[in-house]
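With the hints as your guide, set chains B, Z, Y, R and H onto chain E.
Chains as they are written, first to last, in the numbering used here: chain E, 8 to 166; chain B, 8 to 166; chain Z, 8 to 166; chain Y, 8 to 166; chain R, 8 to 166; chain H, 8 to 166.
By construction, these hints were calculated from the structure, which means they are not laboratory data.
Misleading hints may appear alongside valid ones.
Said to hold, decoys possible - DSS-like mimics (lysine-lysine), calculated; alpha carbons at most 30 Å apart, straight line:
| hint | chain 1 | residue 1 | chain 2 | residue 2 |
| --- | --- | --- | --- | --- |
| 1 | Y | K48 | H | K94 |
| 2 | Z | K94 | R | K48 |
| 3 | B | K94 | H | K48 |
| 4 | R | K94 | H | K48 |
| 5 | R | K48 | Y | K94 |
| 6 | E | K94 | B | K48 |
| 7 | Z | K94 | E | K48 |
| 8 | B | K94 | Z | K48 |
| 9 | E | K94 | Y | K94 |
Said to hold, decoys possible - Pulled a few chain Y residues facing chain R out of the computed Cβ check, cut under 7 Å:
| hint | residue |
| --- | --- |
| 10 | P20 |
| 11 | V29 |
| 12 | P46 |
Ideal Cβ placement from N, Cα and C applies to all residues, glycine included.
6 protein chains.
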Amino acid sequence: MPKASRRRPAAAPAVRPQRGVVTITRQVHFNSAHRLYNPTKSLRWNQAQYGLCTNPHWHGHNYVLEVSLRGEPDPVTGYLMDLGELKRILHETVVDRCDHRNLNDEVDFLRGIIPSTENLVIASWNQIAPRIRPPARLHCVRLYETPRNFAEYHGPDAS
Amino acid sequence: MPKASRRRPAAAPAVRPQRGVVTITRQVHFNSAHRLYNPTKSLRWNQAQYGLCTNPHWHGHNYVLEVSLRGEPDPVTGYLMDLGELKRILHETVVDRCDHRNLNDEVDFLRGIIPSTENLVIASWNQIAPRIRPPARLHCVRLYETPRNFAEYHGPDAS
Amino acid sequence: MPKASRRRPAAAPAVRPQRGVVTITRQVHFNSAHRLYNPTKSLRWNQAQYGLCTNPHWHGHNYVLEVSLRGEPDPVTGYLMDLGELKRILHETVVDRCDHRNLNDEVDFLRGIIPSTENLVIASWNQIAPRIRPPARLHCVRLYETPRNFAEYHGPDAS
Amino acid sequence: MPKASRRRPAAAPAVRPQRGVVTITRQVHFNSAHRLYNPTKSLRWNQAQYGLCTNPHWHGHNYVLEVSLRGEPDPVTGYLMDLGELKRILHETVVDRCDHRNLNDEVDFLRGIIPSTENLVIASWNQIAPRIRPPARLHCVRLYETPRNFAEYHGPDAS
Amino acid sequence: MPKASRRRPAAAPAVRPQRGVVTITRQVHFNSAHRLYNPTKSLRWNQAQYGLCTNPHWHGHNYVLEVSLRGEPDPVTGYLMDLGELKRILHETVVDRCDHRNLNDEVDFLRGIIPSTENLVIASWNQIAPRIRPPARLHCVRLYETPRNFAEYHGPDAS
Amino acid sequence: MPKASRRRPAAAPAVRPQRGVVTITRQVHFNSAHRLYNPTKSLRWNQAQYGLCTNPHWHGHNYVLEVSLRGEPDPVTGYLMDLGELKRILHETVVDRCDHRNLNDEVDFLRGIIPSTENLVIASWNQIAPRIRPPARLHCVRLYETPRNFAEYHGPDAS
Numbered sequence: 008m009p010k011a012s013r014r015r016p017a018a019a020p021a022v023r024p025q026r027g028v029v030t031i032t033r034q035v036h037f038n039s040a041h042r043l044y045n046p047t048k049s050l051r052w053n054q055a056q057y058g059l060c061t062n063p064h065w066h067g068h069n070y071v072l073e074v075s076l077r078g079e080p081d082p083v084t085g086y087l088m089d090l091g092e093l094k095r096i097l098h099e100t101v102v103d104r105c106d107h108r109n110l111n112d113e114v115d116f117l118r119g120i121i122p123s124t125e126n127l128v129i130a131s132w133n134q135i136a137p138r139i140r141p142p143a144r145l146h147c148v149r150l151y152e153t154p155r156n157f158a159e160y161h162g163p164d165a166s
Numbered sequence: 008m009p010k011a012s013r014r015r016p017a018a019a020p021a022v023r024p025q026r027g028v029v030t031i032t033r034q035v036h037f038n039s040a041h042r043l044y045n046p047t048k049s050l051r052w053n054q055a056q057y058g059l060c061t062n063p064h065w066h067g068h069n070y071v072l073e074v075s076l077r078g079e080p081d082p083v084t085g086y087l088m089d090l091g092e093l094k095r096i097l098h099e100t101v102v103d104r105c106d107h108r109n110l111n112d113e114v115d116f117l118r119g120i121i122p123s124t125e126n127l128v129i130a131s132w133n134q135i136a137p138r139i140r141p142p143a144r145l146h147c148v149r150l151y152e153t154p155r156n157f158a159e160y161h162g163p164d165a166s
Numbered sequence: 008m009p010k011a012s013r014r015r016p017a018a019a020p021a022v023r024p025q026r027g028v029v030t031i032t033r034q035v036h037f038n039s040a041h042r043l044y045n046p047t048k049s050l051r052w053n054q055a056q057y058g059l060c061t062n063p064h065w066h067g068h069n070y071v072l073e074v075s076l077r078g079e080p081d082p083v084t085g086y087l088m089d090l091g092e093l094k095r096i097l098h099e100t101v102v103d104r105c106d107h108r109n110l111n112d113e114v115d116f117l118r119g120i121i122p123s124t125e126n127l128v129i130a131s132w133n134q135i136a137p138r139i140r141p142p143a144r145l146h147c148v149r150l151y152e153t154p155r156n157f158a159e160y161h162g163p164d165a166s
Numbered sequence: 008m009p010k011a012s013r014r015r016p017a018a019a020p021a022v023r024p025q026r027g028v029v030t031i032t033r034q035v036h037f038n039s040a041h042r043l044y045n046p047t048k049s050l051r052w053n054q055a056q057y058g059l060c061t062n063p064h065w066h067g068h069n070y071v072l073e074v075s076l077r078g079e080p081d082p083v084t085g086y087l088m089d090l091g092e093l094k095r096i097l098h099e100t101v102v103d104r105c106d107h108r109n110l111n112d113e114v115d116f117l118r119g120i121i122p123s124t125e126n127l128v129i130a131s132w133n134q135i136a137p138r139i140r141p142p143a144r145l146h147c148v149r150l151y152e153t154p155r156n157f158a159e160y161h162g163p164d165a166s
Numbered sequence: 008m009p010k011a012s013r014r015r016p017a018a019a020p021a022v023r024p025q026r027g028v029v030t031i032t033r034q035v036h037f038n039s040a041h042r043l044y045n046p047t048k049s050l051r052w053n054q055a056q057y058g059l060c061t062n063p064h065w066h067g068h069n070y071v072l073e074v075s076l077r078g079e080p081d082p083v084t085g086y087l088m089d090l091g092e093l094k095r096i097l098h099e100t101v102v103d104r105c106d107h108r109n110l111n112d113e114v115d116f117l118r119g120i121i122p123s124t125e126n127l128v129i130a131s132w133n134q135i136a137p138r139i140r141p142p143a144r145l146h147c148v149r150l151y152e153t154p155r156n157f158a159e160y161h162g163p164d165a166s
Numbered sequence: 008m009p010k011a012s013r014r015r016p017a018a019a020p021a022v023r024p025q026r027g028v029v030t031i032t033r034q035v036h037f038n039s040a041h042r043l044y045n046p047t048k049s050l051r052w053n054q055a056q057y058g059l060c061t062n063p064h065w066h067g068h069n070y071v072l073e074v075s076l077r078g079e080p081d082p083v084t085g086y087l088m089d090l091g092e093l094k095r096i097l098h099e100t101v102v103d104r105c106d107h108r109n110l111n112d113e114v115d116f117l118r119g120i121i122p123s124t125e126n127l128v129i130a131s132w133n134q135i136a137p138r139i140r141p142p143a144r145l146h147c148v149r150l151y152e153t154p155r156n157f158a159e160y161h162g163p164d165a166s
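The following block holds chain E by itself, in its conformation from the complex (with noise of 0.2 Å):
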């Protein structure tokens, strides 16, 4: 038993909760192969579209992904949610299925999607979402392609 406890008066121990709406984050990581690439255009647009980004012998990225969810701590534990429990949703919604993988032609839920970091956030938000359980609600999801370039998604109703 912990030594607070020890020093204690009888008196029964009582716990503070700390009320009020907090955004808790947890960053994973994969690292993948994509090309920029609109299949229903010419090679020459998707050229002149994206330059070296839509080679089509593929580059890749360490990508950086952050979520955050947003709600009140429970009075009980302290959390809003487990990361530990966070971070296996990210890895199953998302990392398991990206990491070491290519992003155009390997992973179902970017199936005719083109793969720009604006468009990742949005088909990881569709996954991540329903995964979710209140009082937590997902607040955004952000994804760095490089140290110097991310985008973020605040869901539907963001403006």
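Then chains B, Z, Y, R and H, alone, in the frame of chain E:
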């Protein structure tokens, strides 16, 4: 005297204030021990809930605290608030009381509070807010428990 | 031609646009000298106000500028805006004019502006905003003076 | 089968081994409580020596461990050692025994060792070294106590 | 003309050269696709050896390359070598040929080389070394495949 | 008194010293203005040599200084040297004299020295070395001018 002023014509020098609401942020850090533990519950409950995080022999973190203020910069100084003064306030209210301390046992403003990151940002806000004077207002308290896990609080009016 | 397209059935390929408002961010950097100095005030006033930051022999920083745009990605390209084009705009409007320059003396768009981080984000917004075309809109200009100090501006309508 | 091989002439494919001694490094992390305390000395001595770092209520850190191996890459695999296997070894020898633990009280291989960063890198080397097999040899163990403080050890033969 | 020289006495200005062997480092980056694959071996062998890293649909990384030169700074310039010139050399020899490319299929100097990080640092050294002129000598090529994995090569004479 | 000692048997407590040569590093930072300029040469020469880096109106950097000591940890303290004491020495010898200063004009130990990163590491070594006492010896001074450019010096005996 700086070079620029030597080149100016005889007319009185002038400053062009920049109007608008800005947010400024200062980062500080502290290293603490803690455990997640609800003393009103059994050891078994705590272990089921928190796993290794409730280890009675403690663990610890290099916490990184980022505090943001919002308001209009003063037209005469260009400052919303001197960030050196903000740093002093953050040391007095949080860092000096938490650094190299046990967050469960030794920090007065955390007594009875389960030191989850969620609870720590709310409790820190409550220490910092009374020290921020208009026109600056406290906008956000963000706390990194690790580079991969963090929590934010935007105050009692946030939703 | 990419492998994926070879596997597709004869039916016309299609893209699934991702709908929603996203935020994209590009980071650039520049290294400048500056001092905090209000030329309408005495040296004594400046020293009392700014301390070492008003040193008439200057000091300097590795500034990091993060600029965020918001809007819906184009259904045909998956881009809100080509981040390479945003990088070019940021170089033309801010980096090329500030990098290896003295922010008090050499930058036309900063003439008469005390180069606090607060003022710099507002002044930078005013340079960048006219260059951003719908559907993208300028959402945030963030400037790190050091890794521990930064300011953000969300435009004249922010509160 | 990869595209490249389809384009090759009928001649047997070949690999060009790269010869030379390289160093490979894997980074892992763990979060622990500790205090600097020499139990053969008085509390007063410890306080004079270590200041806040000897706080009997503990403090803690997010430790970052970087372990480097040296040797020639295998001509058939291109690997000096599979870094996934190195990661497993580092978890078994150090991370799993130190993470969310008290370095003074709970880690068998640290019993009786004052957990200064200097001592921790030597003690970690002694755990890791027996697990590294030729042609790889253990070259360096680096441990960050904070992003601003770290220690390195190059083994008993270093001078 | 700079302020300092105006204050100096009539005596000729002088510079105090700093003598000694220093190391200078420049960091550059590129984003590429690759797979670990030995074409002289079966698919089964490759999968057993490399796991997901041999995925025939590729994966990719944000590579960070740090190249270090050693030698005495020139007494007249204070430079061992202009780091802008080193950056140009690194772009010509490595970055422009690898960025947004497939390291297995598209890079001439990597033809037939299994693109492990170990092999990539040796192959990059061989491209860079002929471009470095005395008194500077190439000292180290370090390549980060991810922020947690990297390899270094100190040349054919290292042991 | 710490928990651990209560559990120990009646036998006198003991510490197990860790023997071996380790390297410890402390990071500090300062923000300065400078220009690359050789006053014995013409402005034209300086511009051809240094480009924008010789801008007479100065530019500046957030310098990051990492100083490494080598030696055996003390068997009684586990310290090679108290890193808090090393921090104080680095502030007295380098940071307090360079921070928010002009490296060409205001720093006594840099008078007449062209403030290239190469020269700065040698000059800083010469300030720091006399303050390091056995058994610790100064091993390396590393200075980051930017996160992408840095220089190191290992002392007059390095080759």
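Status of the hints after comparison with the structure:
1. Y:K48 x H:K94: At roughly 26 Å apart (the allowed maximum being 30 Å), K94 (chain H) and K48 (chain Y) satisfy the hint.
2. Z:K94 x R:K48: violated (44 Å)
3. B:K94 x H:K48: Not OK: K94 (chain B) and K48 (chain H) at ~44 Å, beyond 30 Å, violated.
4. R:K94 x H:K48: holds (26 Å)
5. R:K48 x Y:K94: Holds, at roughly 26 Å.
6. E:K94 x B:K48: holds (26 Å)
7. Z:K94 x E:K48: It holds: about 26 Å lies between the C-alpha atoms, which stays within 30 Å.
8. B:K94 x Z:K48: It holds: about 26 Å lies between the C-alpha atoms, which stays within 30 Å.
9. E:K94 x Y:K94: holds (19 Å)
10. P20: holds (4 Å)
11. V29: With Cβ-Cβ at 5 Å, under 7 Å, it holds.
12. P46: Interface hint status for P46 (chain Y): violated (36 Å vs cutoff 7 Å).
Hint check: violations occur at hints 2, 3, 12; the rest are consistent with the structure.
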